[in-house]
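Chains as they are written, first to last, in this note's numbering: chain A, 11 to 370; chain B, 11 to 370.
Any given hint could turn out to be false.
One copy or two, it doesn't matter: identical chains are merged, so the pair holds either way.
[Said to hold, decoys possible] Calculated lysine-lysine pairs in the DSS-like style (CA-CA distance at most 30 Å, straight line):
| hint | residue 1 | residue 2 |
| --- | --- | --- |
| 1 | Lys157 | Lys246 |
| 2 | Lys335 | Lys61 |
| 3 | Lys235 | Lys157 |
| 4 | Lys349 | Lys255 |
Derived by calculation from the structure, the hints in this document are not laboratory data.
2 protein chains.
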Amino acid sequence: MASHRLLVPPPEALRRPLSIPDRLLLTPGPSNLAPRVLEAGGLQAIGHMTKEMYQVMDEIKQGIQYVFQTHNPITLAVSGSGNCALEVALFNLLEPGDSFLVGTNGMWGQQALEIGQRIGARVHPMIKEPGGHYTLQEVEEGLARHKPVLLFLTHSESSTGVMQPLDGYGQLCHRHQCLFLVDSVASLGGVPIYMDQQGIDVLYSGSQKVLNCPPGTSLISFSNKAKQKVDARRTKPFSVFMDLKCLANFWGCDDKPRAYHHTTSVIGLYSLRESLALMVEQAVRLPTVTAVAVPAGYDWRDIVSYVQDHFNIEISGGLGPSMGKVLRIGLLGCNATRKNVDLVIEALKEALRHCPRNKL
Amino acid sequence: MASHRLLVPPPEALRRPLSIPDRLLLTPGPSNLAPRVLEAGGLQAIGHMTKEMYQVMDEIKQGIQYVFQTHNPITLAVSGSGNCALEVALFNLLEPGDSFLVGTNGMWGQQALEIGQRIGARVHPMIKEPGGHYTLQEVEEGLARHKPVLLFLTHSESSTGVMQPLDGYGQLCHRHQCLFLVDSVASLGGVPIYMDQQGIDVLYSGSQKVLNCPPGTSLISFSNKAKQKVDARRTKPFSVFMDLKCLANFWGCDDKPRAYHHTTSVIGLYSLRESLALMVEQAVRLPTVTAVAVPAGYDWRDIVSYVQDHFNIEISGGLGPSMGKVLRIGLLGCNATRKNVDLVIEALKEALRHCPRNKL
Chain A
11 MASHRLLVPP PEALRRPLSI PDRLLLTPGP SNLAPRVLEA GGLQAIGHMT
61 KEMYQVMDEI KQGIQYVFQT HNPITLAVSG SGNCALEVAL FNLLEPGDSF
111 LVGTNGMWGQ QALEIGQRIG ARVHPMIKEP GGHYTLQEVE EGLARHKPVL
161 LFLTHSESST GVMQPLDGYG QLCHRHQCLF LVDSVASLGG VPIYMDQQGI
211 DVLYSGSQKV LNCPPGTSLI SFSNKAKQKV DARRTKPFSV FMDLKCLANF
261 WGCDDKPRAY HHTTSVIGLY SLRESLALMV EQAVRLPTVT AVAVPAGYDW
311 RDIVSYVQDH FNIEISGGLG PSMGKVLRIG LLGCNATRKN VDLVIEALKE
361 ALRHCPRNKL
Chain B
11 MASHRLLVPP PEALRRPLSI PDRLLLTPGP SNLAPRVLEA GGLQAIGHMT
61 KEMYQVMDEI KQGIQYVFQT HNPITLAVSG SGNCALEVAL FNLLEPGDSF
111 LVGTNGMWGQ QALEIGQRIG ARVHPMIKEP GGHYTLQEVE EGLARHKPVL
161 LFLTHSESST GVMQPLDGYG QLCHRHQCLF LVDSVASLGG VPIYMDQQGI
211 DVLYSGSQKV LNCPPGTSLI SFSNKAKQKV DARRTKPFSV FMDLKCLANF
261 WGCDDKPRAY HHTTSVIGLY SLRESLALMV EQAVRLPTVT AVAVPAGYDW
311 RDIVSYVQDH FNIEISGGLG PSMGKVLRIG LLGCNATRKN VDLVIEALKE
361 ALRHCPRNKL
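Modelling step: build the complete structure from the supplied sequences, incorporating the hints.
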């Protein structure tokens, strides 16, 4: 040990104080944190396996059951982003060789397709131009043709601003012995969703959208049908971190004593608890992400920069298939006010007046 | 839509305010958050792909390079717990069929073994009673016999309170064309570690230990040798969320423009930045987790409860192989003071006086 020396000096940048601007966040996420959520973020840590923490987790579970409108016992928060929740769903539901039908009409379907392929599933994409959605008839054709064990649809294609109708799709899947997986990351709390009544088998969402909570946790629930598929696996999921049996046990969703699985994001869970408590108090629900075509001749980056530099507002460009083509404006939770709508419209008007045109 | 009804009522528990006790955390983690870290947790969110956030990420990268003592360009924070960082290492370094040598002298080696098996590696455990560690000679025998591509050792076996020496192991591995992976979750900042000089190829640690930061982010770095192994893969890693190439790009570790990968835990990253800034200011380093045998005749749960109920201090029981056998006391970062040592000894004395004996 004595022979080692400090060859990497302490970085000068870390001797300066942290400086974070306070900005209106009208992107598709993260959204601004609600005051009560902000306050929770400043609380002291406690152990992840204490009775107080188990109570916070139990309350989160009830909160998710409420916002998902489900009675599923297997309902919990994942210590990871929405992408992580999608992997929790796919890693547990799919085994190598399983047939998997994916609605690929934007970024999130492409992501599900990529993960399915890596797991070794037989993935059947229903390819659509960005901006499209799937009719019951199109889905029925896919189910009949590919006999999948799982269908993936995105309720809120935040990369294109499209909302997928959900009524009837779950029941259709079940007639074809298929499970129904839905991404509601950008819609939950903004557009009504009824997990049990709509026959959704696995539903997940993110914390940093309408919930006005920091990114880093996500919400997920599994129906009894989905649980049966997981129970009947012939192979273990590749990931231990994302293994549903361990997660469900740690969240008190089975009848066994809770065993250590991983150190949960305790502060993130305080915040999530508070954001769910706010949902319990609120009734108003609004659509969430609006995609606007970039006017001809403009560079989207100029508009986004102008709005940020002159109005202190963050909005976003496109993502994946919509990259370069649209601007995306999020009105999420506490940010969904008439004042903010007026503000961002004013900012966009000004931007179009001042940004260079015919640059492209 | 009109036909759906709210069948799950808003939970009453979420109408009550959140209540979190302020307690001295002398478990092996999470530890108490330092005041400056607490403050960062209460800041407002900003976008995960803004220039301000990229600066925070760059500063975190430099901070990790300092505390790891490494010049590795591929150095970043994972949006997940230490277990998640272990999976990031194994998912990227191992392919099905690869030979993997694992020091299994406690909980963390068992975890690495389990993940290796799920990935389809040929896993060779070096089995040891909890409490043991590995000599250079033992490792050399394993390397010669199994010709592994990767060796896993735990620097800080927090389940048993054992510290693994690290000098010479990296160089030994390299003579056998093997990469060296080290878990320093419970030691980093408490026991000196010199990644480059010790020839460690992949090193990871957690935020919620000596760094006094909320759980939910972890630190990881890959040497050039490790990067070459990842670059030479014939298959893609099973996980997209944990795919090193995407993570490294998003953290600005390659020469390509940063592309969206996942929504990082922006508030968690503020906190991590502040905890690394504190490390830059500090010089004192102390051992971290002490495992104490449970005195004969006592139930460990009684002692842990007594100390919590009467002294407002959290300590832990055993974990995995040490479950039921030991008490584990963490003195992590700002909690590593003489006053806290005296306090926990006093609390343990009182507990032994008042807890039932010969119960077992």
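Each hint tested on the structure:
no. : hint              : in the structure
1   : Lys157 <-> Lys246 : both (23 Å within a copy, 26 Å between copies)
2   : Lys335 <-> Lys61  : between (50 Å within a copy, 22 Å between copies)
3   : Lys235 <-> Lys157 : within (17 Å within a copy, 44 Å between copies)
4   : Lys349 <-> Lys255 : neither (46 Å within a copy, 42 Å between copies)
Of the numbered hints listed earlier, the single one contradicted by the structure is hint 4.
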